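Q: So the chains spell out like this:
There are 2 protein chains.
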Amino acid sequence: MIAALAGGVGAARFLRGLVQVVDPADVTVVVNTADDDWFHGLYVCPDLDSVTYTLAGAQNPDTGWGLAGETFATVDALARYGEDTWFRLGDRDLATHLFRTRRLREGATLSEVTAEITAAWGLGPRLLPMTDGRIATRITVAAGELAMQEWFVRERCEPPVLAVRFEGADAAVAAPGVIDAILAADTVLVCPSNPVISIAPILAVDGVRDALVSRRDRVVGVSPIIAGRPVKGPADRLMGPLGIDVSCVGVAREYREFCSTLVIDAGDAARVDEIEALGVRAVTADTLMTDARVAAALARDTLAAVA
Amino acid sequence: MIAALAGGVGAARFLRGLVQVVDPADVTVVVNTADDDWFHGLYVCPDLDSVTYTLAGAQNPDTGWGLAGETFATVDALARYGEDTWFRLGDRDLATHLFRTRRLREGATLSEVTAEITAAWGLGPRLLPMTDGRIATRITVAAGELAMQEWFVRERCEPPVLAVRFEGADAAVAAPGVIDAILAADTVLVCPSNPVISIAPILAVDGVRDALVSRRDRVVGVSPIIAGRPVKGPADRLMGPLGIDVSCVGVAREYREFCSTLVIDAGDAARVDEIEALGVRAVTADTLMTDARVAAALARDTLAAVA
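Quick mapping for you: the protein sequence lines, in order, are chains A and B. Here our numbering is used: the first residue of the first sequence is 1, the next is one more, and so on. Here our numbering is used: the first residue of the second sequence is 308, the next is one more, and so on.
Calculated from the structure, these hints are not laboratory results. Source: prediction; values computed, not measured. Certain hints may be false.
Between beta-carbon pairs, the in silico distance windows are [unchecked claim]: (1) A:155 x B:423: 22 to 30 angstroms; (2) A:143 x B:516: 41 to 49 angstroms; (3) A:63 x B:423: 45 to 53 angstroms; (4) A:108 x B:383: 22 to 30 angstroms; (5) A:173 x B:387: 55 to 63 angstroms; (6) A:24 x B:378: 29 to 37 angstroms; (7) A:176 x B:383: 49 to 57 angstroms; (8) B:383 x A:155: 47 to 55 angstroms.
Not everything, but these chain A residues come out facing chain B in the computed CB check (under 10 angstroms) [said to hold, decoys possible]: (9) 42; (10) 87; (11) 95; (12) 216.
Quick look at which bits of chain A chain B covers, simulated, 3 or more residues with Cβ under 8 angstroms [said to hold, decoys possible]: (13) 11-20; (14) 108-121.
For each residue, glycine too, the CB sits at the ideal point set by N, CA and C.
Just chain A, same shape as in the assembly:
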């Protein structure tokens, strides 16, 4: 059994490789939900959907999020009513948010709806939201505090980050199966996701960090930072201001308490000694997932690193 902690696009690509090299039914993915938010009265879960669509092979290959061949008639029409339309929800993607929101309003938990959505897409792995409660990433910039998507999408990650907090983390409990999946897994993977806004919120859920620490020997991470830069997304604009070195070494320092092994890019081989000095074993591989074949090889290398 394999458990994986996942954010959005990077994790989705890695998981698509993983299911090529292991039985998908053996995989449980614990997905960040701190980016979730309400748009036009609909509850949107960007990371759950990115992972779902990518595992179904339906994602937009250019953006990594959203659906391939998507149209945007509804969101464009919402502008007539004065609605903010900077969060570009596609027409087919809207079906997911409509279904999810209706089921949540009927009283279903996010876990239950997620199971229904992933079944509808015929996914092999089990996807779990990190919590059925509400944790929301809040980003402080000079002008004040922003919701994650406001900073990320509306402001294009431009305002310098002063602080990050996970609103609601004190009260939220892990979704059913999350802690069990970590404790029961032969291997726990920390996908190549943003350490600050994808992995850290999962760690902030009560019990998750402790469960990972207890399985440290079996926890292997993949660095999302290659040659001092994120492959995709704003990790550098979050790690730097929070005092985290924007490098695979910085990632190792963040994860060392619960992660025995870190897979880093072959191009970062010169940093192996620095990482191992932190008490984390460093293994090199090709971590730039330019296609599904590379992703599968990376998944294989990652599993082998703790075999």
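Please build the complex by placing chain B on the supplied structure of chain A, with the hints as guidance.
A: For chain B alone, kept in the frame of chain A given last:
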């Protein structure tokens, strides 16, 4: 000042003619909301939207409802989640339902949201829902009771109608401005709409029928039945089973308590005496609104009938 009672497509076409011959700002339209229903967690108001889109010149000219050039990506995608998709909500139309539903959930009344929606479309006339409460047309067929859209759209008006009732009519009160508009109008128009499921629900709202009766001399209707057949829609399949003659005479009999004058099609001139024997003055005109020019002429003739 003019007040008009309106259902969907027929009323919308008539009103589009009306605003060509009077100052749109002098017109208040009281719209049937007993066809409203929830689809995919969104509150849909078919008649309000048909009137709005038609007055804005944005309606689908082929169907009379929905928007011109519409696409259906979202509703098609909802099928993946096992949702019923027989009610074909268009992608741009969905923006209206998303906006309305969000505002209603925020606590706005349907009247308030309707004012916002019609302002967004730049409409001249004032549109009022008949009530801010909930009245729902229920249609009894052999298999049981159906919601209006189930019978009308899903079942294509095929199951014979045994009974019609307006659920919630006992408790609903007229929306702000409805009674005042009727009492203050120089002329009250009963648009060429289905007497059973478009006009009767408005009459079922407490105070509306009494207000109309008190203004009977100034109330003029337009028969939606020409030569014993409805121009559009299932009026014949509702009137007949409920014992209402499917003719302009049957309409006159239904309306005579509150309507002094009925405009009927020139082709029905032979029925004038029967109508006048009911105490309703009959005026003939070209009532088949094949284009906006005919609609404008009909509106002019209708106003002249009680001038």
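Q: Hints first: check each against the structure and report whether it holds.
A: We went through each hint and held it up to the structure:
no., hint, in the structure
1, A:155 x B:423: 22 to 30 angstroms, "holds, 28 angstroms"
2, A:143 x B:516: 41 to 49 angstroms, "violated, 57 angstroms"
3, A:63 x B:423: 45 to 53 angstroms, "violated, 33 angstroms"
4, A:108 x B:383: 22 to 30 angstroms, "holds, 23 angstroms"
5, A:173 x B:387: 55 to 63 angstroms, "violated, 31 angstroms"
6, A:24 x B:378: 29 to 37 angstroms, "holds, 34 angstroms"
7, A:176 x B:383: 49 to 57 angstroms, "violated, 33 angstroms"
8, B:383 x A:155: 47 to 55 angstroms, "violated, 34 angstroms"
9, 42, "holds, 7 angstroms"
10, 87, "violated, 13 angstroms"
11, 95, "holds, 4 angstroms"
12, 216, "violated, 39 angstroms"
13, 11-20, "violated (count 0)"
14, 108-121, "holds (count 4)"
In this structure, the hints that do not hold are numbers 2, 3, 5, 7, 8, 10, 12, 13, in rising order.
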